[in-house]
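**Student:** Residue numbers (our numbering), protein chains in the order written: chain C, 1 to 379; chain F, 1 to 291; chain A, 1 to 593.
Hints were generated in silico from the structure; no laboratory data involved. In this text, all values refer to a predicted model and were calculated from it rather than measured experimentally. Errors might be hidden in some of the hints.
Stated by the list, open to error - Stretch by stretch, here's where chain F covers chain C in the computed footprint (C-beta under 8 Å, at least three residues): (1) 189-202; (2) 213-227; (3) 241-247; (4) 252-264.
Stated by the list, open to error - Straight-line Cα separation of at most 25 Å, SDA-like style, residue types lysine to any residue; simulated pairs: (5) C/K298 x F/F4; (6) C/K183 x A/V138; (7) C/K298 x F/T120.
Note that the Cβ used here is the ideal one computed from N, Cα and C, for glycine as well.
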Amino acid sequence: MVTLSRRATLLGAGAGLALRTTGARAEDTLKIGVVSPLTGPAAESGQFKQNGMQLALDAVNAAGGVLGKKLELVVEDDQTTNPGAVLAFSRLAGRDDIVAFIGPVRSTQVNSMAPDVLKAGKVMMIGGTDPSLTHLGNPWLFRCRPNDTYSAQVIAQFGVKELNKRKWAVVFSTDTFGSNGNKALTAALEKEGIQPVLAQGYTNQQADFTPVVLAVRQSGADILSSYFTYENDLGVFARQVRQLGVRIPWVGSPSIANTTSLNLAGPALYGTYGVSDFSADASPAAKAYAEKYQAAYKSMPDIQSSWAFDAVNILAMAINAAKSTDPQAMRKAVIAIKGYGGAEGEYNFDENGDGLHGYNIVRNDNGKIVFDRHIELTA
Amino acid sequence: MSLFLQLLFTGFGIGAIYAMVSLGFVLLIRAANVVNFAQGEFSMLGAYAMLILFAGLGVPYLLAFVLSVAVMAVFGMVFAGVAYWPLRHRGQLPVIISTIGASILLANAVLAAYGPSPQTLPGMFDNPGFEVGEVFMDSQYLLILAVAALLVLLQYLVFEKTMLGKKLQATSQDKEMASLLGIPVAVMVLITFAYSAAIGGIAGVLVAPILFVSTGLGSLISLKAFAANIIGGFGSIPGAILGGLALGIAETLGAAYISVPYKDAFGFAMLLIFLLLRPQGLFGERIAEKA
Amino acid sequence: MTRAATASPPQSNWRRGVPGALLALVAVLAFAAVAPAEGYYLNILMQASTYAIAVAGLVVVLGYCGQISLTQAGFLGLGAYCVALGTVDWGLPFFVALPLGMIVTGVFGLVLGLASLRLGGHYLAMVTISFQQILTLVLTNWISLTHGPDGISGIRRPVLPGLDLTGGRAYLGLCLAALVGATFFTWRLKGSRLGRAMQGVRDNEIAASTCGVDIFRIKVVAFGISAALGALGGGLFAGAFAYISPDQFAFNESVVLLTMALLGGVQSPFGALLGTCFLVMLPEWLRFLRQAYLAVYGAAVILIMVFLPDGVWGLIARRFGGRGRAQTAGAAGELPLLDRRAQPSEEIALKVAGLSKHFGGLKALDGVDLAVRRGTVHALIGPNGSGKTTFLNVCSGLYRPTAGSIALAGTDVTGMGAHQRTQRGLARTFQNIRVFRGMTVLENVMIGAERPGNDVWRNPSGVVSRAVGALQFVGLEDAAHLPVGALSYGHQRYVEIARALAGSPDVLLLDEPAAGLNLTEKRALGELLSRLKGHGLTILIIDHDVKLVQQVADHITVLNFGKRIADGAPGAVLSHPDVVAAYLGEPHLHEVA
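Starting from the given sequences, assemble the full structure and let the hints guide the process.
**Tutor:** Below, the structure is given as structure tokens:
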């Protein structure tokens with residue numbers, strides 16, 4: 001959290017004049033600008049993200065920092081809204097002393113600030129999984145999570161090849177995340193020659209899902225797949241799925257395996273599968289991260305925190321590799337990262353800026369998320 | 001058929017939630033002529049009070065329930081003093097804006113204090129529900145329906161059969177005249193706010209096992225409850241209940257048979273139709289001004 | 001009222017405020033030229049200026065016309081989507097898409113205004129909320145048209161031949177210039193005929209309708225203007241940020257816009273401007289509070305409502321206001337109706353036949369006939385509850401009769417609304433005074449002079465001099481610039497009479513003008529009525545005060561229990577046994593047709 005005195009610096013810096021005069025203090029650290037939802041509907045994920053970044057930051061700084069300086073985060077609230085995101089980013093972009101950015105986890109907010117990122121011309125690590133974000137011709141966006149085409153392909157592959165199911169029902173939020181997930185999954189299933197028997201969108205923040213659950217029941221589907229944005233929606237839906245007697249296997253988007261969903265839905269999610277970019281048992285790096293997180297925060301790590309943890313580490317690596325904070329050099333250094341084992345998985349950045357190309361399948365085993373398998377795709 | 005019955009039951013359940021919150025609205029409209037946009041936040045606060053007392057401090061369920069409602073009653077009076085009393089002579093609009101401000105304040109103050117994670121709160125019964133034929137009946141919905149009916153009866157008795165209710169109504173209709181008649185207007189207003197907040201609290205505690213405890217709990221239902229209120233007839237107690245049930249059923253059936261993504265639109269479209277064709281609602285005040 | 005009124009403020013002409021506006025225009029363009037060309041401050045400035053245009057729309061619909069609207073963000077969004085879809089999908093130039101958006105949105109505003117026909121207050125609030133919610137759902141779910149939740153990116157800014165407005169500074173200049181234009185328009189609107197009609201509707205719908213204002217049309221127009229201004233702000237917003245999505249125009253934003261208007265002061269576009277700047281900046285200033293800042297924002301809204309009822313601008317205007325208004329001396333015009341010097345004639349000015357009005361089982365009026373001859377003072381008297389005020393309300397069009405007909409100078413007006421009857425020369429005052437409390441004495445009377453059909457109604461300076469003339473007639477010209485609420489009860493009654501006279505009515509209906517007056521005031525009123533009578537005005541007066549009636553009336557009709565019990569010359573009527581009985585409270589013995 002930023003203190004009052006730093007707030008004064010920030011204001012001065014925003015004016016674009018005070019930079020040179022803030023002197024030694026400003027030179028002491030390398031600053032990373034962060035746009036996070038501290039308020040609004042996604043405020044919870046903002047907290048997980050903060051935890052993840054802090055963990056990586058402390059480790060990097062304890063190990064001597066980057067280029068001999070300590071890293072520092074400058075966090076701005078995007079209020080979980082697009083105008084908020086644009087303003088928060090422009091506040092950061094006005095500062096010359098910020099060397100790189102970490103963006104929001106929600107795709108629509110990344111989208112809204114993307115033109116300004118292009119103008120700012122510095123590396124931004126993002127968590128939004130909308131595939132198009134790294135295909136907009138914006139060279140500065142780098143993704144620390146596998147994008148939704150991969151999650152969709154992994155869901156399709158797992159359901160069709162491993163579970164041998166061909167009658168699919170897809171339930172998705174009509175927001176950016178959900179509707180793109182649905183699009184990607186439909187495309188992935190088409191490759192297997194499958195047309196979903198039901199593709200049902202819903203509007204976020206519902207008090208009841210009975211019509212949706214009954215539609216799934218009536219459709220005769222033998223497998224359910226879902227893209228839920230908010231955990232409370234997922235919780236209500238999951239309970240009604242069980243109450244109304246839908247017993248088919250269920251493979252969900254990452255939110256089905258996150259901490260909040262497990263708390264809210266409880267037994268209703270037992271036996272479900274999820275794709276998860278983070279799974280503690282997927283790799284030694286992930287395991288080490290999970291232990292560290294648990295020690296620091298006394299709770300299980302969340303996917304909202306692991307990508308942010310990796311983002312800080314990757315930026316530190318890139319600056320060290322580039323031996324400078326020159327944006328172009330940093331960009332090349334990020335793309336050059338291959339085979340780095342982060343908490344989320346093995347990073348192999350491609351030219352688009354996508355670092356990860358696979359997903360884990362996890363299973364909810366009576367309330368505990370257990371690693372099932374990793375499916376790596378070759379793009 | 002079983003599909004339809006299931007939808008109908010769910011519609012009733014959701015409608016009962018709207019109706020519960022709507023009852024709190026009605027009270028304030030009837031007794032203080034206040035349209036309170038923070039009514040949903042009363043429910044949210046009630047749910048948090050229950051969460052702290054029951055899940056946090058381990059107070060037995062029923063005692064925690066009673067205490068939460070009592071806390072809300074006190075809170076209602078504080079709310080009246082801050083957001084309503086200073087504006088009472090300035091017409092409806094300033095009060096509406098002030099309650100909107102209060103709703104932003106409350107939701108975000110709780111967010112700052114308790115964080116954004118939604119929490120679970122158990123219901124009164126361990127049994128989640130039972131099946132009648134092929135229809136699953138959620139026990140919490142049944143409880144809400146029962147409590148809503150009980151509250152309607154209570155409100156009816158208070159308003160129509162007691163001196164207190166008559167004084168409250170007199171205060172609502174004409175504050176000056178009421179005070180000339182020796183009715184302590186300030187006390188009446190405080191009682192109304194306390195009662196309304198308490199009902200909001202009851203609704204919150206009962207709804208939380210279904211919708212979870214989160215800072216967004218209030219906004220999720222309050223607009224719909226407000227709409228239910230108008231459909232039923234502004235300021236009418238039976239109207240609030242019937243409007244709530246009608247809205248819940250219309251939404252659920254509309255979602256099932258027409259379109260799920262437009263589910264929220266059905267309620268509002270129904271509201272618009274009602275406002276244009278039958279503005280006084282199912283049971284309602286006449287809208288007329290005398291020359 | 002077909003065209004939006006241009007300037008008709010007190011003692012002014014079309015140039016009023018133009019130099020100030022031009023100065024402001026030059027100032028903002030100069031400012032834009034040195035403003036930051038990109039980054040945070042530019043974004044803040046563009047957000048504030050585009051929002052402020054939309055908030056000016058709220059000043060019109062809420063501040064002037066008194067209709068609550070919680071859908072301004074929806075209008076902002078419609079304008080933004082028209083520009084976004086226009087420039088991205090349909091290949092329209094920016095300056096085609098922007099007015100198109102204003103027209104489309106304006107039409108939505110008009111349609112929404114139709115809902116205000118029967119609804120006010122919280123009902124209208126709910127209608128606008130519903131519209132807002134449905135719009136958000138459509139923007140999100142009608143993906144083939146709106147691109148759905150992804151929103152639209154790559155929105156282009158305008159390029160004119162020889163003028164490239166795509167740069168940060170140039171585009172900011174455009175936004176600020178539009179803001180100056182919108183503020184100027186809104187400010188001028190307040191002093192125009194249309195603006196006064198809106199304020200009349202806001203302060204007292206019934207009185208406005210009896211001044212010839214078509215309430216419904218005025219409300220619809222106010223919604224239309226408000227929507228178009230919202231769309232102008234929205235279109236510029238879309239160009240400013242190059243990316244829009246449905247969640248930017250949701251209900252919460254409407255609440256924010258409403259708060260901006262109220263915070264600054266909803267009576268003035270300058271207040272709206274101030275409120276917008278303040279609320280755009282407030283969350284920014286409060287960022288140091290981190291998670292608590294929205295809570296502080298909510299608390300600030302309550303505090304503002306409690307401590308700044310007229311908004312920040314109201315506070316400033318009070319502190320530095322009292323801007324010395326020019327004297328109106330010399331501006332007084334003659335009242336043409338006083339030149340008629342008509343003699344009492346046999347021509348019937350107002351004819352009522354078989355008029356009945358039933359409220360449920362209660363027969364407030366039961367087959368009443370009455371004829372007012374031109375140039376006479378006709379009195380309608382009767383005990384309390386005899387149906388006098390109901391008669392006047394039916395005559396002036398506020399109530400629909402159950403049966404019977406009303407004709408004004410030979411034209412049947414039974415099916416017409418109050419404003420249409422006023423347009424045909426009927427004017428009235430009210431027993432429980434209905435003045436426009438938010439306005440000055442002069443503005444009150446100007447609304448009367450602007451009665452459609454009045455000889456000066458489209459002539460701004462004529463309206464002012466007519467109004468001053470009417471005030472002079474009742475002896476209130478010195479009070480012209482006082483808020484009407486500052487006058488005594490008796491003087492407010494004179495304002496009502498002046499308001500009616502300024503419209504040069506053919507028939508004036510006076511509803512118990514002596515009610516609530518003290519003895520001195522009653523005497524003065526009697527003199528005023530005698531003067532009016534001396535000028536040959538046709539008057540129908542109802543009152544209890546038999547002395548006053550005797551003093552002025554040429555003809556008296558008596559009502560009791562909704563029936564006419566006597567009609568004729570004053571001496572004969574007042575000595576009629578049934579009338580005496582009715583007034584003494586004894587049961588009357590004879591039925592009189």
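**Student:** Sort out which numbered hints this structure fails and list those numbers smallest first.
**Tutor:** As far as the earlier hints go, only 5 is violated by this structure.
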